[in-house]
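There are 2 protein chains.
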Amino acid sequence: MTTTNPSKATALRTHTCGELNASHAGQTVTLAGWNDVKRNHGGVLFINLRDLYGVTQVVAGPESPVFKTAEEAKSEYVLRVTGKVTLRPGTNANKNMPTGEIEIEASEITVLNPSQPLPFELSEHAGVSEETRLKYRFLDLRMPRMARNMVLRSRLSQVVRNYLYGLDFNEVETPLLTRSTPEGARDFVVPSRNKAGEFYALPQSPQQFKQVLMMSGMDRYFQLARNFRDEELRSDRQPEHTQIDMEMSFVNEQDVARVVEGLMKAVFAHIGDEISAPFPELEYSDVMLKYGIDKPDLRYALEIKDCSEIFKTSGFKVFSETLAGGGVVRAIKGEKAAAFSRGDMDKLTDLVKSRGAKGLVWLRFKEGKWESPTLKFMTEPELSGLKTLLDVNEGDAVFLAADKPEVAAPCLGALRLELIARLKPAPAKKWAFLWVRHFPLLEKDAESGAWTFTHNPFTAPLPGEEGKLDTDPGNVLSCQYDLVLNGVELGSGSVRNHSRPMQEKIFGLMGYDKEQVQRRFGMIVNAMDFGAPPHGGIGIGYDRLIGIICGTDSIRDVIAFPKTTSGSCLMSEAPSILDEKQLKELHLKITED
Amino acid sequence: MTTTNPSKATALRTHTCGELNASHAGQTVTLAGWNDVKRNHGGVLFINLRDLYGVTQVVAGPESPVFKTAEEAKSEYVLRVTGKVTLRPGTNANKNMPTGEIEIEASEITVLNPSQPLPFELSEHAGVSEETRLKYRFLDLRMPRMARNMVLRSRLSQVVRNYLYGLDFNEVETPLLTRSTPEGARDFVVPSRNKAGEFYALPQSPQQFKQVLMMSGMDRYFQLARNFRDEELRSDRQPEHTQIDMEMSFVNEQDVARVVEGLMKAVFAHIGDEISAPFPELEYSDVMLKYGIDKPDLRYALEIKDCSEIFKTSGFKVFSETLAGGGVVRAIKGEKAAAFSRGDMDKLTDLVKSRGAKGLVWLRFKEGKWESPTLKFMTEPELSGLKTLLDVNEGDAVFLAADKPEVAAPCLGALRLELIARLKPAPAKKWAFLWVRHFPLLEKDAESGAWTFTHNPFTAPLPGEEGKLDTDPGNVLSCQYDLVLNGVELGSGSVRNHSRPMQEKIFGLMGYDKEQVQRRFGMIVNAMDFGAPPHGGIGIGYDRLIGIICGTDSIRDVIAFPKTTSGSCLMSEAPSILDEKQLKELHLKITED
Numbered sequence: 003m004t005t006t007n008p009s010k011a012t013a014l015r016t017h018t019c020g021e022l023n024a025s026h027a028g029q030t031v032t033l034a035g036w037n038d039v040k041r042n043h044g045g046v047l048f049i050n051l052r053d054l055y056g057v058t059q060v061v062a063g064p065e066s067p068v069f070k071t072a073e074e075a076k077s078e079y080v081l082r083v084t085g086k087v088t089l090r091p092g093t094n095a096n097k098n099m100p101t102g103e104i105e106i107e108a109s110e111i112t113v114l115n116p117s118q119p120l121p122f123e124l125s126e127h128a129g130v131s132e133e134t135r136l137k138y139r140f141l142d143l144r145m146p147r148m149a150r151n152m153v154l155r156s157r158l159s160q161v162v163r164n165y166l167y168g169l170d171f172n173e174v175e176t177p178l179l180t181r182s183t184p185e186g187a188r189d190f191v192v193p194s195r196n197k198a199g200e201f202y203a204l205p206q207s208p209q210q211f212k213q214v215l216m217m218s219g220m221d222r223y224f225q226l227a228r229n230f231r232d233e234e235l236r237s238d239r240q241p242e243h244t245q246i247d248m249e250m251s252f253v254n255e256q257d258v259a260r261v262v263e264g265l266m267k268a269v270f271a272h273i274g275d276e277i278s279a280p281f282p283e284l285e286y287s288d289v290m291l292k293y294g295i296d297k298p299d300l301r302y303a304l305e306i307k308d309c310s311e312i313f314k315t316s317g318f319k320v321f322s323e324t325l326a327g328g329g330v331v332r333a334i335k336g337e338k339a340a341a342f343s344r345g346d347m348d349k350l351t352d353l354v355k356s357r358g359a360k361g362l363v364w365l366r367f368k369e370g371k372w373e374s375p376t377l378k379f380m381t382e383p384e385l386s387g388l389k390t391l392l393d394v395n396e397g398d399a400v401f402l403a404a405d406k407p408e409v410a411a412p413c414l415g416a417l418r419l420e421l422i423a424r425l426k427p428a429p430a431k432k433w434a435f436l437w438v439r440h441f442p443l444l445e446k447d448a449e450s451g452a453w454t455f456t457h458n459p460f461t462a463p464l465p466g467e468e469g470k471l472d473t474d475p476g477n478v479l480s481c482q483y484d485l486v487l488n489g490v491e492l493g494s495g496s497v498r499n500h501s502r503p504m505q506e507k508i509f510g511l512m513g514y515d516k517e518q519v520q521r522r523f524g525m526i527v528n529a530m531d532f533g534a535p536p537h538g539g540i541g542i543g544y545d546r547l548i549g550i551i552c553g554t555d556s557i558r559d560v561i562a563f564p565k566t567t568s569g570s571c572l573m574s575e576a577p578s579i580l581d582e583k584q585l586k587e588l589h590l591k592i593t594e595d
Numbered sequence: 003m004t005t006t007n008p009s010k011a012t013a014l015r016t017h018t019c020g021e022l023n024a025s026h027a028g029q030t031v032t033l034a035g036w037n038d039v040k041r042n043h044g045g046v047l048f049i050n051l052r053d054l055y056g057v058t059q060v061v062a063g064p065e066s067p068v069f070k071t072a073e074e075a076k077s078e079y080v081l082r083v084t085g086k087v088t089l090r091p092g093t094n095a096n097k098n099m100p101t102g103e104i105e106i107e108a109s110e111i112t113v114l115n116p117s118q119p120l121p122f123e124l125s126e127h128a129g130v131s132e133e134t135r136l137k138y139r140f141l142d143l144r145m146p147r148m149a150r151n152m153v154l155r156s157r158l159s160q161v162v163r164n165y166l167y168g169l170d171f172n173e174v175e176t177p178l179l180t181r182s183t184p185e186g187a188r189d190f191v192v193p194s195r196n197k198a199g200e201f202y203a204l205p206q207s208p209q210q211f212k213q214v215l216m217m218s219g220m221d222r223y224f225q226l227a228r229n230f231r232d233e234e235l236r237s238d239r240q241p242e243h244t245q246i247d248m249e250m251s252f253v254n255e256q257d258v259a260r261v262v263e264g265l266m267k268a269v270f271a272h273i274g275d276e277i278s279a280p281f282p283e284l285e286y287s288d289v290m291l292k293y294g295i296d297k298p299d300l301r302y303a304l305e306i307k308d309c310s311e312i313f314k315t316s317g318f319k320v321f322s323e324t325l326a327g328g329g330v331v332r333a334i335k336g337e338k339a340a341a342f343s344r345g346d347m348d349k350l351t352d353l354v355k356s357r358g359a360k361g362l363v364w365l366r367f368k369e370g371k372w373e374s375p376t377l378k379f380m381t382e383p384e385l386s387g388l389k390t391l392l393d394v395n396e397g398d399a400v401f402l403a404a405d406k407p408e409v410a411a412p413c414l415g416a417l418r419l420e421l422i423a424r425l426k427p428a429p430a431k432k433w434a435f436l437w438v439r440h441f442p443l444l445e446k447d448a449e450s451g452a453w454t455f456t457h458n459p460f461t462a463p464l465p466g467e468e469g470k471l472d473t474d475p476g477n478v479l480s481c482q483y484d485l486v487l488n489g490v491e492l493g494s495g496s497v498r499n500h501s502r503p504m505q506e507k508i509f510g511l512m513g514y515d516k517e518q519v520q521r522r523f524g525m526i527v528n529a530m531d532f533g534a535p536p537h538g539g540i541g542i543g544y545d546r547l548i549g550i551i552c553g554t555d556s557i558r559d560v561i562a563f564p565k566t567t568s569g570s571c572l573m574s575e576a577p578s579i580l581d582e583k584q585l586k587e588l589h590l591k592i593t594e595d
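Chains A and D, in that order, are what the protein sequence lines are. Counted the way this note's numbering counts, the first sequence spans residues 3 to 595. Counted the way this note's numbering counts, the second sequence spans residues 3 to 595.
Okay, chain A solo, but in the shape it has when bound (with noise of 0.2 Å):
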């Protein structure tokens, strides 16, 4: 962490921790911060002090008056030292310190304030669990890895700012008490004193209002948004998170692109990673074929890779029936995987099993052979053409689905990243970003078989896929995009409806009459009667971004004050109960299922 400015003198310190060198040879300074570590040697004591800047030297020799208070000043103890910049010996300089060139000789120390000893030492090997972090969270944030993700939000927070002020975006504050709408995800709500019964619920995202500002006219609209959820959490959800959220009047689906990809350049460019851009773009439907997942980790070139018809002849009864039944033979190869045992095999034929498929075959190519349990069930010209296709080298090995598109897909995408996970390949480049355009816009839902919105209820269909509404909605496609960064689904967003026809036509396919569109959507379709114009944006998940630009799996490590899984904040103990007077002032009894 480098000190940008200069001038964090205050009451109590004339300096940080992080700023002194050689220059400052001989002054009289005062520092403030922590007692890090404590060494004696010889009878010396050395105090290396903390802040957040940085670590400085204290020197305290066994004649000095303040030799009693160092010796005194425990670990983490907040201390006060007033002494003379001093340069280190030559030999006792540390060049791996920005300070390590001097050290302070102290003629004053003040313990601002004692510490009892920590229930965890501060060092990221102390193996210290979770949940002992999160109870004493202050002290976590201590560690300077920590630290480092907390300034590095912050910081990039500004960079994503000044990148949009840059370009005339707006950033308007949408409101947190708002209304329950159906958006997918349970809502967190919260009741109202004055309208007995009657609750406001905390928004799953600013969609609503942000199309509403375009509607009034305010061209460019962003927001680092808090957003809420009431799921059940994992690793990489929290019910509260943050969204760099964004909307723009008169575009399309390219002009939202160019503006994220600028972004991510900005972003990146802070880190010092140069990233090139227009990123590139797939179709969903291809990249369901190529990854089986919506979400592909580019930086693997590895890819999967339709062979219906070199085996559309084919003598093995799972391959004909299939292909006969309108089902597909779909191939991934796995470079060096021909040393898979036998036990490896069954494991991935169970990982695909679990997905859904009947079975997985697969094929080692070894000392220019292969080697398969059904290999004798496949011709010469069929494993040729395999060959080929897949580009299979000593040593490699194949494996095959035989099923319906849509179950072979995720099978083999599943497949695909134990793959990687197992052969561990050289990432092509360090972060692989990739548009997934044109889902489709409705999908049947699994419970009720209705139809429903595959991502967000106000995408627009592709142009001229309008038609299909009436004839084939299940195969519209829609202006509905993703922002993938290293197989992690960082944004969602899309070119959306603003026509109030089109709206409701498409409520209407999800089952919604006038009335209920009225009720559940009335604010966003009104003012569609009013002149909207046509408008576009995304969410990007700026707790994923910076989890992943930090290097952790875990976003509880780039929020201050995280939940548990659980939903809990083990510091402040949240959630709590309430006393009877604030449940009767809202109007509420606690039921005991």
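FYI, nobody ran anything at the bench for these hints, they're computed from the structure.
Listed next, the in silico DSS-like pairs over lysine-lysine satisfying Cα-Cα at most 27 Å (straight line): (1) K137/D <-> K197/A; (2) K406/D <-> K297/D; (3) K591/D <-> K583/A; (4) K591/A <-> K586/D; (5) K586/D <-> K197/A; (6) K197/D <-> K197/A; (7) K583/A <-> K583/D; (8) K76/D <-> K507/A; (9) K516/A <-> K137/D; (10) K586/D <-> K586/A; (11) K591/D <-> K591/A; (12) K197/A <-> K583/D; (13) K591/A <-> K583/D; (14) K583/A <-> K586/D; (15) K406/A <-> K355/A; (16) K591/D <-> K586/A; (17) K197/D <-> K591/A; (18) K583/A <-> K516/D; (19) K137/A <-> K197/D; (20) K86/A <-> K40/A; (21) K360/D <-> K389/D.
We have chain A; now place chain D onto it with these hints.
What follows is chain D alone, placed relative to chain A:
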């Protein structure tokens, strides 16, 4: 609104409606925007096309292929216009319009979206009720004044952030789902689905988290933070509001003041106003004496004077008995207020009586002579003493209140504001900032009679005052300060307790035993055990600041989607009822009372 970035070209426009001028003459351009005004001059149609950035005149002659579309376009239709930029003939140029030198000869007009007739005219002078404006907020925000407010609010937040980043502050997002703590106002709460009967609270401020951040070594924190209070609303209150929240380690009151003054200089420089710093500082006790209110509007010099000395031997019973009982006689001058009628004087008397005064003594100085119903009770030396003390001149009036100091102060404070409102003195400056310092640490709770904090339970006593905690708690001065601008309390902050024993002693005076402190404030006192640094900070009301700068009395005019005074959003119709399933999941039942 000026266009700072020229490249807002998108798929649907080459330029905005605010950027074309004579230098573009001859170019073919495409604009998109709203039909703001349409006129027909001798068969030629003129459309003022509007977007956020400005208005451009579009022309379609009777022979034009686009005439028919132009003719059919009604008010607020969204249009896309392609045409040639042409210079307006000299006499037709409009110097008051940034694009007034040119117009667009339309060769193509597309209706991107029609509009229903608006429910009200988009004009400041249309006399629309606020209720209608809030219901159709998406139209209200199209008004130039409202759009300007939103853009300025956005841009000033950038100024705020960049200033603070420049001083190495980091913005840290603190949780919104947190724990209910007694900090004055009522909390909004959020029922937990996972933990039956438990609730999160929305924060009234990030107070405890920002202090914990200091204890975690964050050094300098800020956040444009959303705060929530479930209180009765007024025009300057909203259930959610935004605060520039800051905290710094190793500081005293003056360090915080310098940072805030620099921030205000930066903000006002952005609107072209230079303000001088450091700001004046007044002790709380002085400010109550001189202005009768803790947030005086110092644009006006008018001061309250103590006349107890003048009347110490008064024969006027009202005065002598008050003084004998430990009360005071204080006076304020109304310049040119001798013109006030007897009726006016009665109204002013009613005003101070409504604030608890027993009455109001007034004297007019007209044609060199005093006149007053109570003149007969005053001696010549008293009158001349009054004249000198208050610098009374021909045509002035003097108002006196005799009462206990704690009654006299607010009564004359209210009178001072009323005199300013009636006499409309010229303000001495446009922006009058003031620090009010050293509020009492504790006061008696009006209901319970117990000691409670005056501003903030975490405020430290003023150094040197600690001893009085044991002997005279009501007179302990604190490190609490308020920032006042033009008579509005803009911010409030303090240097905090960093020592657990001191914090517990103060909680003890408020009647909390150790167990209660642990239960209610466990997070912060626990953190104090492990090396909490001295720290202080402030929270500045961002809505209020922007309201003052935009010159509006209602903060609703600077919030995109505000609530009414009954806490409703008329546009989204929040709050609303939940369905039974949701309530059941939350383990809640609505009670009838």
